[in-house]
Each structure stands twice: as structure tokens, then as C-alpha cells.
Amino acid sequence: MSEQDKKATRRDVLKIAGALAAGCAAPWFTASPAAATPAEMQTAVARVIGDARLNVGKVKLDIPPLVENGNTVPCAVTVDSPMTATDHVKAIHVFAEKNPQANVISVQLGPRAGRASIATRIRLRDTQNVLAVAEMSDGSFWSDRVNVLITLGACLEDLI
Amino acid sequence: MARALINAPAKARRGAVIEIKTLLSHVMETGFRFTSTGESVPRDIITAFAATYNGEEIFRAQLFPAVAANPFITFHTVATESGMIELKWTGDNGYSATEQVRITVE
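Protein chains in written order, with my numbering: chain A, 1 to 160; chain B, 1 to 106.
One or more hints might be untrue.
[What the hints assert, rightly or not] Distance ranges between label pairs, derived from CB positions:
hint : chain 1 : residue 1 : chain 2 : residue 2 : range
1    : A       : D51       : B       : E86       : 36 to 44 Å
2    : B       : L5        : A       : P65       : 23 to 31 Å
3    : B       : S82       : A       : T151      : 24 to 32 Å
4    : B       : Q62       : A       : D51       : 31 to 39 Å
5    : A       : T37       : B       : P9        : 37 to 45 Å
6    : A       : P74       : B       : Q100      : 35 to 43 Å
Read the hints as simulated data drawn from the structure, not as lab findings. Each residue gets a CB set at the ideal place from its N, CA and C atoms; glycine is no exception.
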């Protein structure tokens with residue numbers, strides 16, 4: 001193979017790669033909704049906690065740090081609480097900072113729960129921080145934050 | 001057609017904390033997707049889930065589009081007395097589904 005042939009091959013490969021990238025990128029930009037920003041998550045959190053202080057601790061957000069498919073991410077929240085009538089978790093809220101909508105799920109519990117532990121499966125659009133907030137019966141708020149690395153985000157599947 | 005799968009113990013000791021796992025068959029269309037012609041796909045999600053134990057509410061959840069398709073929710077409750085645990089999902093377009101599980105407390 002001559003030097004000229006080699007160059008032509010490389011150029012062809014680059015051309016194809018460029019076309020592929022453009023083809024993939026175009027619908028992504030047009031079809032993808034605007035992502036929420038961390039600021040929007042702060043607004044969503046503020047709607048829940050109001051002026052109260054958000055403490056760190058007591059809450060354990062169990063979510064894998066590296067996820068291949070953002071369409072179903074196992075997510076469990078456990079709060080350290082005796083769950084008695086006088087000291088229990090009233091609510092657990094989960095937020096994602098770069099999803100189109102920051103709220104993920106909100107649950108209401110009571111002393112009847114016995115254990116403040118929930119599990120679900122969520123969608124994550126991109127590599128981002130996920131925040132779990134627990135509201136205690138004494139009015140305090142506790143939280144846990146986990147950074148999740150997403151290889152293939154939700155919202156990027158084939159157009160229907 | 002079984003639209004929902006419920007995993008809960010049929011028998012429990014009085015006062016024991018039991019785990020209830022629920023899985024409902026539902027697309028959970030986010031409303032953030034578009035068709036190839038650029039039209040927005042309307043939102044169709046489960047918005048609320050509630051569990052009652054002999055008529056008393058023990059658990060409630062608000063779901064947002066970020067909950068994955070076929071919503072899976074696990075929660076706990078204290079087995080207080082024999083009876084019925086009723087689970088209810090409600091959603092967009094008037095969607096509603098109810099399932100019941102019987103529990104015997106010894």
C-alpha cells in the first residue's frame with residue numbers, strides 16, 4: 001500500500017466518523033429537553049424544607065457510583081431513626097440535579113413504618129449528584145448526596 | 001392480566017417489621033421525549049402510590065417522571081394485626097390500579 005493510499009484511508013475514516021458524530025448529535029440537541037441546573041434543584045429542595053437548615057448525616061442514599069444504563073438505576077434510602085411516635089421520619093425526598101425535573105420521588109412515612117427504609121428504581125439523564133432529604137418529626141432535615149457516573153443516560157434512547 | 005407484582009410475607013409475628021415490595025407494569029412516559037417528526041410525546045406516568053393497612057394509611061408516595069418504567073417501590077411496615085394491605089396507584093389519564101394482600105399476624 002502506498003503512502004497516498006494510507007492517507008486516503010485515514011481521511012475516509014475521519015469523514016465517516018464525523019458524519020456519524022453529526023448524525024448522532026443532531027437529534028440529541030433538538031430532541032433533548034433542557035436539563036435542570038443545580039440551582040433548580042436548590043429551588044426544589046427549598047420548596048420542601050423552606051427556611052430550615054439542611055443537615056448532613058443520618059440519611060444513607062444507596063445508589064451505585066457507576067451506572068451503565070440511566071433508565072433504571074436502583075436507588076435505596078435508609079434513615080437512621082427509631083421510628084417511634086415521638087421520633088420518626090415524616091418524609092423522604094429524592095432529587096437529581098441534572099434531570100429535566102429535579103424531583104424524583106417523595107414519600108410520606110410514619111411510626112407505622114417501623115423502619116425508615118425505601119427502595120425504588122429511577123432515571124438519571126447524566127452524570128450528576130443525587131440528593132436524598134429526610135424530614136424528621138421534630139422538624140429537622142437531614143440529607144445525603146451521592147455523585148453517580150452514568151455511561152448511557154436516560155432520555156437518549158432512540159426516538160419513537 | 002397481572003398488572004402488579006406484590007411481594008409481602010403471608011404470615012408475620014406481631015410487632016415484626018415486614019418489607020413489602022411492589023412492581024407495577026406501566027410505561028412511565030416522561031413527557032420529555034419527542035417523536036422522530038419532532039412532536040412531543042405526552043406525559044403518562046403514575047403520580048401517586050398509597051398503601052393502607054386495614055383502612056389506615058401506612059405509606060404514601062408522589063412519583064415524578066424520573067421514576068423508571070414499571071415503578072418498583074419497596075417500603076416497610078409493622079405487622080400489627082391480621083388483615084388486608086391495600087395498595088393503590090393513580091396516574092395520568094385517569095389511571096388507577098388497586099391490589100390487595102392478606103397478612104396473618106400470629
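Now for the hints, and whether the structure bears them out:
1. Checked against the hint of 36 to 44 Å, the C-beta distance between A/D51 and B/E86 comes to roughly 37 Å, which is consistent with it.
2. Separated by about 29 Å at the C-beta atoms, B/L5 and A/P65 satisfy the suggested range of 23 to 31 Å.
3. The given range of 24 to 32 Å is broken by B/S82 and A/T151, whose C-beta atoms sit roughly 47 Å from each other.
4. In this structure, B/Q62 and A/D51 break the distance hint of 31 to 39 Å, their C-beta atoms being roughly 22 Å apart.
5. Distance hint for A/T37 and B/P9: a CB-CB separation of about 44 Å, consistent with the stated range 37 to 45 Å.
6. Restraint check, A/P74 to B/Q100: a C-beta distance of roughly 27 Å breaks the suggested window 35 to 43 Å.
Violation of the numbered hints given earlier is confined to hints 3, 4, 6; the remaining hints are satisfied by the structure.
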